[in-house]
Amino acid sequence: SVSPGDTSVLAGLYGPAEAKVSKELPDRAALEVLLRPKVGLPGVLERSREQLLRQTCEAVVLGVLHPRTAISLVLQVLSDAGSLLSCCLNAACMALLDAGLPLATLFCGVTCALQPDGTILLDPTARQEQEARAILTFAIASSERKVLMATTKGSCSVEEMQQCLATAQRAANTVFQFYRDSVHRRYSKS
Amino acid sequence: LSICSRTVEPLEYYRRFLKENCRPDGRELGEFRTTTVNIGKCLCSITTADGSALVKLGNTTVICGVKAELAAPAVDSANKGYIVPNVELPSLCAERFRSGPPGEEAQAASQFIADVIENSQMIVKEDLCIANGKLAWVLYCDIICLDYDGNLLDASVFALLAALKNVQLPLVAINEETGLSEVNLKQKNPLIIRKHPVATSFAIFDDTLLIVDPTAEEEDLATGTVTIVTDEEGRLCSVHKPGGSPLTGAKLQDCITRAITRHKEVKKLIDKVIKSITPK
Numbered sequence: 001s002v003s004p005g006d007t008s009v010l011a012g013l014y015g016p017a018e019a020k021v022s023k024e025l026p027d028r029a030a031l032e033v034l035l036r037p038k039v040g041l042p043g044v045l046e047r048s049r050e051q052l053l054r055q056t057c058e059a060v061v062l063g064v065l066h067p068r069t070a071i072s073l074v075l076q077v078l079s080d081a082g083s084l085l086s087c088c089l090n091a092a093c094m095a096l097l098d099a100g101l102p103l104a105t106l107f108c109g110v111t112c113a114l115q116p117d118g119t120i121l122l123d124p125t126a127r128q129e130q131e132a133r134a135i136l137t138f139a140i141a142s143s144e145r146k147v148l149m150a151t152t153k154g155s156c157s158v159e160e161m162q163q164c165l166a167t168a169q170r171a172a173n174t175v176f177q178f179y180r181d182s183v184h185r186r187y188s189k190s
Numbered sequence: 001l002s003i004c005s006r007t008v009e010p011l012e013y014y015r016r017f018l019k020e021n022c023r024p025d026g027r028e029l030g031e032f033r034t035t036t037v038n039i040g041k042c043l044c045s046i047t048t049a050d051g052s053a054l055v056k057l058g059n060t061t062v063i064c065g066v067k068a069e070l071a072a073p074a075v076d077s078a079n080k081g082y083i084v085p086n087v088e089l090p091s092l093c094a095e096r097f098r099s100g101p102p103g104e105e106a107q108a109a110s111q112f113i114a115d116v117i118e119n120s121q122m123i124v125k126e127d128l129c130i131a132n133g134k135l136a137w138v139l140y141c142d143i144i145c146l147d148y149d150g151n152l153l154d155a156s157v158f159a160l161l162a163a164l165k166n167v168q169l170p171l172v173a174i175n176e177e178t179g180l181s182e183v184n185l186k187q188k189n190p191l192i193i194r195k196h197p198v199a200t201s202f203a204i205f206d207d208t209l210l211i212v213d214p215t216a217e218e219e220d221l222a223t224g225t226v227t228i229v230t231d232e233e234g235r236l237c238s239v240h241k242p243g244g245s246p247l248t249g250a251k252l253q254d255c256i257t258r259a260i261t262r263h264k265e266v267k268k269l270i271d272k273v274i275k276s277i278t279p280k
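Heads up: the sequence lines are chains A and B, in that order. Counting in my numbering, the first sequence runs from 1 upward without gaps. Counting in my numbering, the second sequence runs from 1 upward without gaps.
Just so you know, these hints were derived from the structure itself, not from any lab. Please read these numbers as outputs of a predicted model, since none were measured by experiment. Among the hints, a few may not be true.
To be verified - Pairs of lysine-lysine, DSS-like flavour, derived with a Cα cap of 30 Å: (1) A/Lys146 - B/Lys19; (2) B/Lys125 - B/Lys267; (3) A/Lys38 - B/Lys80; (4) A/Lys153 - B/Lys188; (5) A/Lys153 - B/Lys19; (6) A/Lys153 - B/Lys195; (7) B/Lys272 - B/Lys67; (8) B/Lys186 - A/Lys153; (9) B/Lys267 - B/Lys188; (10) B/Lys268 - A/Lys153; (11) B/Lys275 - B/Lys186; (12) A/Lys153 - B/Lys80; (13) B/Lys125 - B/Lys80.
Stated by the list, open to error - Sample of chain A residues lacking proximity to chain B, with all beta carbon distances greater than 10 Å (derived): (14) Gly12; (15) Ala17; (16) Lys20; (17) Lys23; (18) Ala30; (19) Lys146; (20) Ala150; (21) Met161; (22) Tyr179; (23) Arg180; (24) Lys189.
The C-beta atom is built at its ideal place from N, Cα and C for all residues, glycine as well.
Produce the entire structure from the sequences given, and follow the hints as far as they go.
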């Protein structure tokens, strides 16, 4: 469970387990992501987010090591106070880490909000997201800080996008340090 | 002598072409397929829709029909109308799509189109309001893929833009005494379109190569996709990279520059088509 500020997402990972014959892939693991909103039934927005998360995870998980299996990632939104997608990305990565699945690289989610006056805000709250001109969410890989996933809401100029990307890449360092600390804490107790 | 079969080892087959900087269908890595667009009642043949367009990007065929209906605006935004896009991938367009409830790809595409409309502000919802709190237009935009050969998002955005440019909304007045709306079908005004977003999709091969306008076969072999939506001012309306191989900021910038060039070509095409169907 990951909670930056008040946004809280619970992630559960199951796998690699036996896959249904209709869903299994002959050469790699079949990844499935389910995102459940806090209230209501999952709709088109959740489907689109599931696709983003699934393809991001598929790019990092070494599925070829576990062919004909299924890996299911279930995310439950406990509370939403802004930056939900990056929270889901962080929860997904930590779940993958915790399960001990073979990964090519770690990733973290960072949300940048572009204020009307041009300043960049990281990890905006719901209020700041509403007032912002544009909201950009990136999934940054831990190797060479490359961009794994990018989504934007609202319009911005090309320079502004590059600035947000650079800011997000710098901020990724903090998140990866947090991953290291959490894993350290977990394994130093037992 | 090594024989490389297209069906047995598609990736090796493709790599041979990519080494020579071209693709099996003869295109360069940065070349788009022939784009054709048909707008309007005479050419496009959806006579019951208020606006329609048919776009062909190579073999990928997408048709968009826009229907305008009246409804009461939402309580919390009394001066806004609605735009409801829906992308359908029926089982006739490709064998991977089964009939039944919409699959993930169709839903993700619908959400993408809704985001593009919202981000680019191509139609401002306030323009769709007729009477504050009482009556507003609802535009149902149905985008149906008739033949899927890759690059669905580009074709859908283009079809939507072309169809919306073709929409003529009748003048609606609210009768003061009865409180009912009166629709004047004789007087029609075109929809106010403020921005013209154009999508450009790229496929990432082997983590490094970027190819433009992928076909269905290329999409299956690719390790990732990127879609960039730009408007006429060179502003980014959407950067959509749903996972896939990691890209550096420089490669992303390269995609954006190519997207801006593509925007100019598409805009010229749309303007030419609109001019040819406007009655003189």
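For each hint, the structure was consulted:
no., hint, verdict
1, A/Lys146 - B/Lys19, "holds, 24 Å"
2, B/Lys125 - B/Lys267, "holds, 23 Å"
3, A/Lys38 - B/Lys80, "holds, 27 Å"
4, A/Lys153 - B/Lys188, "violated, 33 Å"
5, A/Lys153 - B/Lys19, "violated, 37 Å"
6, A/Lys153 - B/Lys195, "holds, 16 Å"
7, B/Lys272 - B/Lys67, "holds, 24 Å"
8, B/Lys186 - A/Lys153, "violated, 39 Å"
9, B/Lys267 - B/Lys188, "holds, 25 Å"
10, B/Lys268 - A/Lys153, "holds, 27 Å"
11, B/Lys275 - B/Lys186, "holds, 22 Å"
12, A/Lys153 - B/Lys80, "holds, 19 Å"
13, B/Lys125 - B/Lys80, "holds, 5 Å"
14, Gly12, "holds, 20 Å"
15, Ala17, "holds, 21 Å"
16, Lys20, "holds, 15 Å"
17, Lys23, "holds, 13 Å"
18, Ala30, "holds, 13 Å"
19, Lys146, "violated, 3 Å"
20, Ala150, "violated, 4 Å"
21, Met161, "violated, 6 Å"
22, Tyr179, "holds, 17 Å"
23, Arg180, "holds, 20 Å"
24, Lys189, "holds, 33 Å"
Hints 4, 5, 8, 19, 20, 21 from the list above are not met by this structure, while the remaining hints are.
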